[in-house]
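Please arrange chains B, S, F, A and G on chain V, whose structure you already have, making use of the hints.
These are the residues of each chain, in order.
There are 6 protein chains.
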Amino acid sequence: MRLSIKVGGHLLYEAKELAVERLKGYAATIRKIYWMGHGLSVVVGGGPLARWLVEAARRLGCSEAVCDEVGIQVSRLNALLLASLLDDVAYPVIPSSHAEAKSALGSGRIVVCGGFQPGQSTVAVAAVMAELMKADLLVVATDVDGVYTADPKEHPEAKRLAKLSYRDLERLVAEGSAEAGTFKLFDLVAVKVMKRARIPTVVVDGRDPNVLFKVLEGEEVGSRIEP
Amino acid sequence: MRLSIKVGGHLLYEAKELAVERLKGYAATIRKIYWMGHGLSVVVGGGPLARWLVEAARRLGCSEAVCDEVGIQVSRLNALLLASLLDDVAYPVIPSSHAEAKSALGSGRIVVCGGFQPGQSTVAVAAVMAELMKADLLVVATDVDGVYTADPKEHPEAKRLAKLSYRDLERLVAEGSAEAGTFKLFDLVAVKVMKRARIPTVVVDGRDPNVLFKVLEGEEVGSRIEP
Amino acid sequence: MRLSIKVGGHLLYEAKELAVERLKGYAATIRKIYWMGHGLSVVVGGGPLARWLVEAARRLGCSEAVCDEVGIQVSRLNALLLASLLDDVAYPVIPSSHAEAKSALGSGRIVVCGGFQPGQSTVAVAAVMAELMKADLLVVATDVDGVYTADPKEHPEAKRLAKLSYRDLERLVAEGSAEAGTFKLFDLVAVKVMKRARIPTVVVDGRDPNVLFKVLEGEEVGSRIEP
Amino acid sequence: MRLSIKVGGHLLYEAKELAVERLKGYAATIRKIYWMGHGLSVVVGGGPLARWLVEAARRLGCSEAVCDEVGIQVSRLNALLLASLLDDVAYPVIPSSHAEAKSALGSGRIVVCGGFQPGQSTVAVAAVMAELMKADLLVVATDVDGVYTADPKEHPEAKRLAKLSYRDLERLVAEGSAEAGTFKLFDLVAVKVMKRARIPTVVVDGRDPNVLFKVLEGEEVGSRIEP
Amino acid sequence: MRLSIKVGGHLLYEAKELAVERLKGYAATIRKIYWMGHGLSVVVGGGPLARWLVEAARRLGCSEAVCDEVGIQVSRLNALLLASLLDDVAYPVIPSSHAEAKSALGSGRIVVCGGFQPGQSTVAVAAVMAELMKADLLVVATDVDGVYTADPKEHPEAKRLAKLSYRDLERLVAEGSAEAGTFKLFDLVAVKVMKRARIPTVVVDGRDPNVLFKVLEGEEVGSRIEP
Amino acid sequence: MRLSIKVGGHLLYEAKELAVERLKGYAATIRKIYWMGHGLSVVVGGGPLARWLVEAARRLGCSEAVCDEVGIQVSRLNALLLASLLDDVAYPVIPSSHAEAKSALGSGRIVVCGGFQPGQSTVAVAAVMAELMKADLLVVATDVDGVYTADPKEHPEAKRLAKLSYRDLERLVAEGSAEAGTFKLFDLVAVKVMKRARIPTVVVDGRDPNVLFKVLEGEEVGSRIEP
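Chains as they are written, first to last, in the working numbering: chain V, 68 to 294; chain B, 68 to 294; chain S, 68 to 294; chain F, 68 to 294; chain A, 68 to 294; chain G, 68 to 294.
You can take every hint at face value.
Which copy? The list can't say, so a pair holds if one copy fits it or any two copies do.
Calculated pairs, SDA-like style, for lysine to any residue (alpha carbon to alpha carbon, straight line, at most 20 Å):
#1 K91 <-> R126
#2 K99 <-> R69
#3 K281 <-> G92
#4 K91 <-> S130
#5 K201 <-> D154
#6 K226 <-> T216
#7 K83 <-> P115
#8 K83 <-> R118
Hint data in this document are derived by calculation from the structure and do not stem from the laboratory.
Only chain V is shown next, with the shape it has when bound in the complex (with noise of 0.2 Å):
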């Protein structure tokens, strides 16, 4: 099985200190996985430590394209760590674009992205990733456990959707806003390079590495997108 993740950088800090254990979980996972003889790419998100430097570069008056780099350079940083405790079985080096991931690929390596370029958020990499690889399925681990009908956290009467189709999440999507660092789960460049490419998608909770495990095994955990 071929399988183009995304884990949230949320899921990698507790409050503003990196969530050390997680990220060796993680670690532990994926190799597991990798050595099951699945085909991998992992593409890491930015997290707090992104969102409060994108903060202290907007009150520096820094142009929305530059908060996007200072966002990818830190998911970049998260991938780097990632993929320093993958270094028998991962990439050695971060690519920094859609061609060098192409090239990493060729390694038959795991290959551990953050960021690409300004205006495309990290689970848009992941999808052009899946789409690159030809996976069979899209991971999104995140920090709640599904695609609800509205942010859960902030409207607590909203519904996990168990399945749906790319239709619906782009009409779940359409209000996100672009702003560099508050990607919301999804956004509408995700969503089209998903859908295109005919990708399955799981959206799970990711606090527990293991999730993926379940994932590979088929059970219906969080939400499943459809083509």
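Structure of chains B, S, F, A and G alone, referenced to chain V:
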């Protein structure tokens, strides 16, 4: 004044033939604007040649990511032709990423680009260039004379909008498609970057390159989109 | 056995249309040869699309160096299409220089190239690749069935040569031209590289991709050039 | 006058917060110096954010080489923020190696750098930049007012040295440590490069960016190290 | 006036010693020509050091492609030395390909190159540079005073040709060899590029760098090759 | 076992002649060690050719940074020769930075390097490579049989140390010099990287390449430096 100009690829072709005279016309107009002291970047689309090759790539069974790459390569070829007509004033290399474009802008010369990355239209590239160079205006030259309430080629009753907000534009675009080679005038990424960068945009009929002078002089042509 | 294969660009087009079936045929044949355990690099020419765009570039007044670049870009596009049909066995990036090609060869995968540098034909690139990979044979697939005493399309009385020496070839080629896009089957750089690398070359009619199997089995097809 | 300036990373942070006003102050001062006609390169350290992330990397069990890379990435992030405040006068890309820095210096703009390579401090980078640009002076802005006979924060009886030789400096530094993120003011590589380049260095209290004007006017501030 | 100058590598060495005074002389002459307002690129050959190392590489059993690389590296080393004497006026990085050379030319500074690619002589590089910069003249500085009917060192009865056509040159060169390190004054690639670019070439005795001033003043020195 | 090997440049030359037989001997030994299943990276120094060219660069008046670059280029040339003798097992490109070296290590092949950056010796590069590949041992092959209490060529009474600590080594090295081309066996950067990476090092007489087998078998040869 600083201008980021998008020249639609379909303006550079007549059927499958390169529109040699129009390309020369754009080169002459752009050179004059540069010598008048304006800062300029130009992003060129792929046009019918891109569309034709993308269709062939689909018949071959290539993934959408590869189709995007094909379209990007063609837009870069078109950019190479335009840049070589401007070799006294343009940066001599066509940047292939946001990072290379930043470096090219540092030269003080006209930067000519095609596409950058799969999943991102050339209009989005023009919006990113506008953001990078802190442009005063984004000009989109196409083969209709502005933004209509619907595609005027299919809906003769559609009306041209002389002025609209980004919010309006977003609503109009929301039905677009991310399939490679069929990007319409705008896609949602472009709109979001334009919106966050707070750069006014004008959409003009670029069949006559001299329209760029009218834009510079503040004449009311085409449609104007305000932040 | 290690093979450096040149596939003439004109084989990949029928008039201005991409020859979709033949491209698929080449992909299938090359994949089989790879799985038989042979080492392979493939260099693809620009074909009619290159010629057409180079002519347009000349009408624009572009220098021959730019015309060469246009031709190279098209050959790289063709290489991208072929490589994407071989994405399970080919190196995923099209090298743009001798140095990148060396690095790609280190992956153990099939390396697919187009042109590298202005002033150098794609046959010369195939000869350089042969030298780099220490190939046992350079195969040139074209639309005639070998080397003739003159261009058989213009001189029906020309005779095919089953065997010839590099010295003979050099004499035949000496009248060729370096104008971009009009490189004939061989140019002098290619001949000199082939000669110094002491690599035998066969020139075959590549309209049927299966001819490559015949070459592998040692059948006498086309013309054989010995050091 | 040609100046290579090292701005200590700890000057850019207050506890874990970015010191927004001081960064703006440095941008304003550096711009003025540039417009006064001086040649400038600026190297920025990683500061507390680097230290914090390097500590986390150590807890993860990363090698010192990875820890160095983490520190370098953070210093480059800091450089990106400073460069984006100087986007009218600074080279827009942060060089990641000696070769890229050379190319950036060719632009005539202010070159802003962070670290280059594991095992090399940002002070050593500033010394290399001084050598590359044939600087008249290397300025090291830190949070103490010069070189002391011992660390003044730990040894209140330590004395500031108004003038010293490289030989003296070497003796003082010889007890330093190469562990990532704990580089003190100078390390031995930096001292050796400074010494061989025969460039005078001043160490100043950079909490007020205006100290740079005093240095330019030849005022005796901080400590001066002579070849 | 725009000049592409080839400085023969053998001019930069006396036996195995670097000809320090002549290198300084070339730097001084080239700087003056630049300050007179002329556009300049300089391509430097490998000279005796290249030949010596290429011979050693052959004794090691290296392929001709590696031998070429060795020669290219040495020519680039020579170019680095010349460029560092011109560090106030020359582009600080030695381009390693046609694409990098284009980008360097965009800086408005003197571009100093060595070789680019195996299979291409440094004279061919100078011809490509001439084409890229639309040079008015290609100057080839060597250790004889022009083009002779045969190698004057071996054939004392050979006659110098004050004027010749590219056709004539081609005939003279046709007997040359592509073995690495033994490229004579011209090779066929160079001649073809020169011919297609329609750039007049003068071949002069460069043992005294001042000959370049004579060329600029239109004096009849050496041999002139006309398109 | 994972080994980072430094081969002193002076071992590859006899006076100014390349030591062809010793280079072949090193290639044969290194290939055997690779096929025995060990992981390997090899860093080659510049040797007498580097020293000779650096002296010429000094006579030209080049800065120490340029002198370093000259030495690095020569060490990379030496690395190219060694790598081309190992072209069946070595990564085909010589990395020019830490980042490229990381990527090369990902190939599973022998990585052959010269120098990386001005101000850093090739021994320091070997220490960085050891750290990157998590080597079990750093082997320094030179032309004396270990670390002495003083330079044995100048002080015949100097004693060889069979075992020493990094602290001891540091004390011995502290008097070294950073002038380009005169780096002695170790410099302080190298020692600090070795020390922090906690990698044991052996210094051996490399005039006979077979000494590497003795090291592998655990024989007590040369000097051993323990963390």
